[in-house]
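> If you read the sequences in order, they're chains A and B. Note that the numbering used here numbers the first sequence so that position 86 is 86, with each residue one more than the last. Note that the numbering used here numbers the second sequence so that position 48 is 48, with each residue one more than the last.
Hints may be right or wrong, so weigh each one.
Claimed, not checked - Which chain A residues face chain B? A few, computed with CB under 8 Å, are given here:
#1 Thr46
#2 Ser47
#3 Arg48
#4 Asp72
#5 Arg73
#6 Asp75
#7 Ala79
#8 Asp91
#9 Thr136
#10 Leu207
These are computed hints drawn from the structure, not numbers from a lab. C-beta: ideal position from N, C-alpha, C; glycine also.
There are 2 protein chains.
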Amino acid sequence: MKPEIDYTLYLCTDRKVMTTESIEDCVELAIKGGVSVVQLREKECTSREFYELALAVKEITDAYEVPLIINDRVDIALAIGADGVHLGQMDVPVQAARNVLGPDKIIGATAHNIKEAEKAWKLGADYLGVGDVFGTTSKLDTSRIALDELHIICQSVPIPVVAIGGVSEGNIHKLQGSGVAGAAVISAVIGKENITAAAEELIKGFLGE
Amino acid sequence: MKPEIDYTLYLCTDRKVMTTESIEDCVELAIKGGVSVVQLREKECTSREFYELALAVKEITDAYEVPLIINDRVDIALAIGADGVHLGQMDVPVQAARNVLGPDKIIGATAHNIKEAEKAWKLGADYLGVGDVFGTTSKLDTSRIALDELHIICQSVPIPVVAIGGVSEGNIHKLQGSGVAGAAVISAVIGKENITAAAEELIKGFLGE
Numbered sequence: 001m002k003p004e005i006d007y008t009l010y011l012c013t014d015r016k017v018m019t020t021e022s023i024e025d026c027v028e029l030a031i032k033g034g035v036s037v038v039q040l041r042e043k044e045c046t047s048r049e050f051y052e053l054a055l056a057v058k059e060i061t062d063a064y065e066v067p068l069i070i071n072d073r074v075d076i077a078l079a080i081g082a083d084g085v086h087l088g089q090m091d092v093p094v095q096a097a098r099n100v101l102g103p104d105k106i107i108g109a110t111a112h113n114i115k116e117a118e119k120a121w122k123l124g125a126d127y128l129g130v131g132d133v134f135g136t137t138s139k140l141d142t143s144r145i146a147l148d149e150l151h152i153i154c155q156s157v158p159i160p161v162v163a164i165g166g167v168s169e170g171n172i173h174k175l176q177g178s179g180v181a182g183a184a185v186i187s188a189v190i191g192k193e194n195i196t197a198a199a200e201e202l203i204k205g206f207l208g209e
Numbered sequence: 001m002k003p004e005i006d007y008t009l010y011l012c013t014d015r016k017v018m019t020t021e022s023i024e025d026c027v028e029l030a031i032k033g034g035v036s037v038v039q040l041r042e043k044e045c046t047s048r049e050f051y052e053l054a055l056a057v058k059e060i061t062d063a064y065e066v067p068l069i070i071n072d073r074v075d076i077a078l079a080i081g082a083d084g085v086h087l088g089q090m091d092v093p094v095q096a097a098r099n100v101l102g103p104d105k106i107i108g109a110t111a112h113n114i115k116e117a118e119k120a121w122k123l124g125a126d127y128l129g130v131g132d133v134f135g136t137t138s139k140l141d142t143s144r145i146a147l148d149e150l151h152i153i154c155q156s157v158p159i160p161v162v163a164i165g166g167v168s169e170g171n172i173h174k175l176q177g178s179g180v181a182g183a184a185v186i187s188a189v190i191g192k193e194n195i196t197a198a199a200e201e202l203i204k205g206f207l208g209e
């Protein structure tokens with residue numbers, strides 16, 4: 001059966017911005033602060049390294065019962081028993097991934113506008129990462145999306161939408177009322193000296209506490 | 001059921017050495033010359049590009065009833081219905097790939113010595129690519145293996161062994177008597193002006209005709 005996922009604070013890993021030595025430590029500290037789902041993203045290592053890293057991170061996410069999503073690599077998600085995959089526009093198509101993964105794995109897809117969002121949902125995505133909402137510094141090839149378009153997307157597709165791109169402690173409150181199920185973060189959590197506290201503050205900002 | 005593969009002339013693709021514009025043309029010309037199995041190897045493109053290229057190449061290999069093996073990407077092999085995967089030492093482990101692929105897909109593994117060969121066979125590899133036999137120019141990180149060690153490996157593992165690394169029209173005859181099931185080639189076929197004729201000559205050299 002497909003797992004129920006709490007998307008409130010969705011951590012994407014990125015070794016380039018981490019303040020800890022190991023991804024495992026980084027993920028554990030973030031989960032202690034309330035990160036509710038973890039996506040492991042590795043674009044610059046061999047398949048073997050990605051596989052071994054994913055196995056190690058899964059030990060942490062399993063211990064805290066937090067779902068683990070693998071970026072791009074459907075095979076590594078299957079090999080380590082992850083909860084699902086996240087697919088960008090440059091990864092394998094959603095329907096091809098679904099054929100390989102079967103019905104019980106989560107497939108997330110990136111969408112930059114309403115057209116891509118509706119397409120990904122119709123092809124079988126379980127959630128959407130929609131952005132760039134606040135101007136990311138992690139990627140160069142993104143285009144901004146206005147908060148009112150984000151709101152329209154949330155009303156148009158019946159699956160959870162996660163806001164991505166430049167989300168920080170200073171802007172996360174702006175997502176209130178947009179209809180998103182959560183916010184994806186990278187450096188706003190794992191680029192901070194106190195990863196656990198950063199995650200806690202972001203959740204407060206998202207929930208308006 | 002697992003397909004029976006004729007390993008006599010095993011083509012690995014490499015866009016950097018191709019004399020044709022498209023990989024599809026290149027593969028078709030090579031098959032017309034007698035290439036008996038094709039491995040699609042793409043290390044420098046996105047997953048989406050690899051997937052779409054693999055789909056296109058599979059149309060060619062299917063038309064000629066030649067098996068198609070995908071390098072590294074177990075998910076793309078499954079998504080396009082390839083016959084199997086080839087895994088190097090930097091790819092996912094053989095047993096992890098077997099768990100994902102099931103019993104009916106071919107798994108090939110690279111081995112550089114008898115220890116790696118026996119390990120890969122015991123973990124469930126269906127064939128081995130063993131080299132570097134003649135000094136490849138395609139990879140920088142290889143070490144040579146002597147023909148007598150290749151012979152010992154062929155006697156030690158009960159699965160087909162394909163000689164890899166620098167195989168050319170000038171040296172392929174040296175593999176006679178080694179016990180290999182075939183020879184893997186890249187530039188000796190797809191780097192030639194007449195790809196079809198190059199494949200034909202290599203087969204003659206391998207068979208001692």
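> A separate judgement is required for each hint: does it hold in the structure or not?
Results of checking the hints against the structure:
no.: 1; hint: Thr46; verdict: holds, 4 Å
no.: 2; hint: Ser47; verdict: holds, 5 Å
no.: 3; hint: Arg48; verdict: holds, 5 Å
no.: 4; hint: Asp72; verdict: holds, 6 Å
no.: 5; hint: Arg73; verdict: holds, 7 Å
no.: 6; hint: Asp75; verdict: holds, 4 Å
no.: 7; hint: Ala79; verdict: holds, 4 Å
no.: 8; hint: Asp91; verdict: holds, 5 Å
no.: 9; hint: Thr136; verdict: violated, 19 Å
no.: 10; hint: Leu207; verdict: violated, 35 Å
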